[in-house]
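Q: Could you fit the two chains together into a complex? Lean on the hints.
The residues making up each chain are set out below.
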Amino acid sequence: MPRLPLNAIEVHEVVKRFGEAAAVGPVTLSVASKTTLALVGPSGSGKSTLLRLMMGLLEPDEGEVRFRGEAVRADDAARRRKMGYVVQGGGLFPHLRAGENATLVARYLGWPRAESAGRLQALASLCRIDEPILGRYPAEISGGERQRVSLMRALMLDPEVLLLDEPLGALDPVTRTDLQHDLRRIFGELGKTVVLVTHDLAEAAFFAHRVALLREGRLLQEGPLDELRRAPASPYVSRFLEALAQRPEPEVAG
Amino acid sequence: MTAPALLALALAASEPAAIRIASKKFTESVLLAEMAAQLAENGGAVVERREELGGTRLVWEALLRGDVDLYPDYTGTLLREILGMAASADEAELGEALSAKGVAVTRSLGFEDSYAIGVRRDVARRLGLRTLSDLGSHPELRLAFTDEFMDRTDGWPALRDRYRLSQRGVRGLDHDIAYRALLGGEIDATDLYSTDAEIDRYDLVVLEDDRHAFPRYRAVFVYRADLERRSPEALAAIRALEGRIAAGAMIAMNARARFDRVPAAEVASAFLAETLGVRAPVSVAGLWTRLLRRTGEHLALVAVSLTLAAAVALPLGIWAARRRRAGRVILGVVGVVQTIPSLALLVFMIPLLGIGARPAVTALALYALLPIVRNTHAGLVGIAPELRESAQALGLPPAARLRLVELPLASPSILAGVKTSAVITVGTATLGALIGAGGYGQPILTGIRLASTSLILEGAVPAALLALAVQGLFDLLERVLVPRGLQAEAPRRESAP
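In order, the protein sequence lines correspond to chains A and B.
Residue numbers are given in the working numbering: position 99 of the first sequence equals residue 577, and the series is strictly consecutive.
Residue numbers are given in the working numbering: position 485 of the second sequence equals residue 517, and the series is strictly consecutive.
Everything labelled a hint here was simulated from the structure, so no lab data went into it.
Every residue, glycine too, gets a C-beta built ideally from N, C-alpha and C.
Any given hint might turn out to be false.
Unchecked claim - Under 8 Å between C-beta atoms, here's a sample of chain A residues computed to sit facing chain B:
(1) Met533
(2) Leu535
(3) Arg551
(4) Ile664
What the hints assert, rightly or not - Example chain B residues on the side facing chain A (calculated, C-beta under 8 Å, incomplete):
(5) Gly168
(6) Ser169
(7) Leu436
Said to hold, decoys possible - Computed Cβ-Cβ distance ranges for the label pairs, DEER-style:
(8) Ala556(A) / Val512(B): 33 to 41 Å
(9) Ala431(B) / Ala595(A): 21 to 29 Å
(10) Gly367(B) / Leu668(A): 47 to 55 Å
(11) Val365(B) / Glu618(A): 41 to 49 Å
(12) Ser603(A) / Ala431(B): 52 to 60 Å
(13) Ala501(B) / Ala595(A): 25 to 33 Å
(14) Gly547(A) / Gly367(B): 45 to 53 Å
(15) Asp656(A) / Val512(B): 37 to 45 Å
(16) Arg663(A) / Ala501(B): 36 to 44 Å
Just chain B, with the same shape it has in the complex (with noise of 0.2 Å):
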């Protein structure tokens, strides 16, 4: 497949035709959406699925932009994180707040799914903790929390505040990570859903907010307040979850998907088929064609991100090597971009691009960028003088001295730059799956989810094999692109001076 071809196909990815369903990275927002995918699609729609964004920052953006229609949250999200509004607001006021934005909420799904602090049993019965005020008299404990519990203003900063709580050094983990550092020991307490099925099967102990410091969170679908013009059947397939799940259907449901590792689309499925009688076909995508599809999306992210970064890198390299002062500021800019953290370049892509392959290929291709541009400049720069020399004396004009001599000498150096390059895109694309991207990073995100090894190999295995490919197809192409006289080992020449 050509370049153009693949830009086609990476920007295709993003026409609104279809209801797009997405969700957080947790196991239950996953559930939810699935749920709500696969009623719209037995009401006849056509769902693209977003599955497991980074955050809910992220999703919100996504849905504001248009780049999303649907996705489950909780109303206490939504008040205190995304609008900053009093936790005392209740739900007429949360309406109208959302509308204003072009954003409407289902009514409650049946359950609720709050914030909760947990510790482990033994560690409640020595110290005596049965609620959340008792934890201030214990300022030795070593607190963790999920890095958006730390920065929520619902979450530690308001826990903080209500309780007067001084436990210092507190850190910022993984949800999926905290659990196992809690039963290891290594943490005392943690932030929880109070619907994760962990509470049960590890046996741990939630703390009573007793001075409520946390708002409601039912569980609802927030969508585009146009998906009632756009789709209407579909929305109503969805609403009909309305009040249907209770919270421990919800907890089993988190359960199977969590520990028994069932598919997120069976689990869903079995629980419409079994509530609303809905018979929703689901087809769990083998192995191979899973590999398939995210080994199409993943080449497509690196291809099309390499090539957008060569036709930029190449031109800004030779203006470097041309311009001594130019050069340095070239070279400065493009370094400090590549010190830009790989999910923060990716994130900031989304205000202005949205959502799925479109910001991850700036993104990626913004960081292909240095290893290009410095070997462009360096192979251009480590002409010896005598060659530039001889090119200027033999009456070549400077555009003409580029394509016949500069170029192909320095072409070992440029393409070396660019399997650099290709390299590390293969490994930083699997991050594009946090953005919606897809490719060889969606099980891994999922396999860290489900704290899955072999799910996380299922990724990264692939990304390493393609990381392996794309290096021996660059050493190949090294072999028919650089030409032969600078290939041979050659010999000193005597007479260099």
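Pulled out of the complex, with its shape left as it was, chain A reads as follows (with noise of 0.2 Å):
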């Protein structure tokens, strides 16, 4: 038996509420480095803004969210760097041609002209990205060479912990088979800690190690997929697996 690994993100006691009404929490969760988590549930159950308080662009009311055993604060975009993220659509900018997406905080701290070029082809072999791509702008180029470039810019600092809001959630079917083939083979390669929020318990399956299902801001269970399926914590959760289980291609919505 391996050593069991540190937790690289620990979510202890949080609540996070918008207006009146808790939209999350209280939620206590913890990531193991180097193991993919992915956060699950249907729309409005609180998976993106429990994703968003992990990477601190949201601050709990109550509770805490610890990176590496430290709280993790708002402000601090050091901090941020160790940590890899990726919206739902890519989030690129639309002034800056692609390879520029992916370079811009390494010029913004000063590295040297060669040592991002280097990085830069490396991703691109990584991510399969063509090296004409990356001359374009992302208006120019398709939604899933989109999301490669976006995953290119939240590893370019080689961050420890990698977070995906619904990476193939509006890609087509086969783009969206190519990229989850490539997804699993990056994180497998880079052995980061990855969390995703996807809608689609297949996908889920496919990436992830453990399973975290929430609804209404709560967390219902956590654990590897199968034992949700073996034992699961209350009725709801059995009907929520099956009801995706029979939908092969789950629904695209935010």
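A: Structural data, given as structure tokens:
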């Protein structure tokens, strides 16, 4: 038995409110180093909010998020550079070429040109992006390419963890399957801690060591998918799993 | 030319090096000022002309501030309107009151130009109007006066009180337009100057001031007392005009300038040659020279004020986008500035900054703020949330996010705001002439004064062309400055949430 890995991210009794109602929480959850966790649940269950809390893009109203044992603060730019984040749709800056998007932070940090060019090339081959694509603007490339470039951007500084919000959410089935396989390969090769939000249970099963099922801002159950199937914590868990299992191609929505 | 160079140019225009001779924006004032200027130049002085300033108060303030050294005025105006003294005060009392303010007057130039009320001869005959008292028995008469006359203590208020006039709905009109309205029968009576050439020309009847509502208006030059020390020769040369201009000669000169469209400089020079034997060199600038000079002045006004406005508006817009509450206040205040009538804003600047390019540039810059602040704010606030979030998640600190992501994304909107401001400023800058800033407004002012459409066009056409050119320039700039990725007809991103 290998040693139990340290937790990369710990979410402790976190509550986030928008207006009166609690949007998320209280939630307690941890993500072990070098594992992949999928956040699943119906629309409005708070999965994306939980991801933003982990990233420190939102401040919790109660509780604490810890990254490598340290509290995550919203204004800590240096800590954010240790975490890669990919929003749905890629979030590429339209005024920069694909390559410039990927190297933006490296340029801000003053990396030597050769170093960032080398890194860009390595990432391009890892993420299977052809050289000419890097010279195009986001509006000029396909949705799948945008998603790959966005992943390159997130990986540029070699972050320890990778947070992805529905990375395959809006792609056509062929592109989606391609990218799924590439993503799994990349996660495996790099050995990163990954948290990804998805609607799709098949996708969760494909990528993730563990699955966290959320509903109305509460964590219903967390564990390997088999465990959720075998020993559902509530009738809703089995209903949700069944409903998703019957749908080969889950709906695309935010 | 760079913006700082233009700024230096604009500011240099208000350096006190020469004798600055001003006039108000009616023909007689322009002619008298021109005579003084030619005499001073003939005496070896360097003269700066500040023609056609917006009104008595404005010129007077400029004189007190030292932006103007000398201008023609009338004793009645000084007594009643400026000093608020009794109409019965004599010249000695006037001189004393003025010298307390560091101001002196010459002796009378030889004629009086009184306020008078004129009506068309056929109307006078039909209603039997001969004196101002007769107005009292015709409350149905439609009166319209110049705006200045309406407000001046020696104007309509004095007239109304003295003759107990009961006419209602008295309107304010521009002096030159009032004549046209009078002839066209749209109004029945208006205020005139007794030396106006129009009285004879249009056969108007001047109603006798039988109860002496108006004081005497002897024409004089008003000047800063320190001129006696600074330029005694020039002042002596100007004083040679004392007692030399007869009322008939003044009326004839007004007629030449108004009806024969002879340039003021030529009318003045002809009179000086004939009466004083002074041969002052006259250089009436040709059309292209004038156009070039005014284009320079106008461009400087626009460029400097726009640069100032952008330098202030950009940070304000950024601040407004960052802080919601501060943003509401900023947008509100800047919006209120925009609602101040441009003429009023220009005049507000006078007590603070005097006359000339400096107050004009400041007022124009204030005007140019709103479009830039609003578009900067809108451009920043309108950035898609996932882009804002991506920039944050990348670990860029706020200043770097602003520089590398937010401002480039907002640049099309910001540039559009600057363009709007620039085009508006080209138009508004024509009002700068009213406070002595020159530019395309100068021929427009003169054109209105002389009822000369061609002169008005000489200012209006270049202003319109300049506005188009500015628009074109910014279209080009957009292509250079807006990042290419934002210019392409971007296909809609299929994954937009």
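Q: Does each hint fit the structure? Answer for all of them.
A: Against the structure, the hints:
| no. | hint | in the structure |
| --- | --- | --- |
| 1 | Met533 | 6 Å, holds |
| 2 | Leu535 | 6 Å, holds |
| 3 | Arg551 | 13 Å, violated |
| 4 | Ile664 | 18 Å, violated |
| 5 | Gly168 | 72 Å, violated |
| 6 | Ser169 | 75 Å, violated |
| 7 | Leu436 | 6 Å, holds |
| 8 | Ala556(A) / Val512(B): 33 to 41 Å | 36 Å, holds |
| 9 | Ala431(B) / Ala595(A): 21 to 29 Å | 26 Å, holds |
| 10 | Gly367(B) / Leu668(A): 47 to 55 Å | 53 Å, holds |
| 11 | Val365(B) / Glu618(A): 41 to 49 Å | 42 Å, holds |
| 12 | Ser603(A) / Ala431(B): 52 to 60 Å | 34 Å, violated |
| 13 | Ala501(B) / Ala595(A): 25 to 33 Å | 43 Å, violated |
| 14 | Gly547(A) / Gly367(B): 45 to 53 Å | 51 Å, holds |
| 15 | Asp656(A) / Val512(B): 37 to 45 Å | 39 Å, holds |
| 16 | Arg663(A) / Ala501(B): 36 to 44 Å | 59 Å, violated |
Of the numbered hints given earlier, the model fails hints 3, 4, 5, 6, 12, 13, 16; all others are met.
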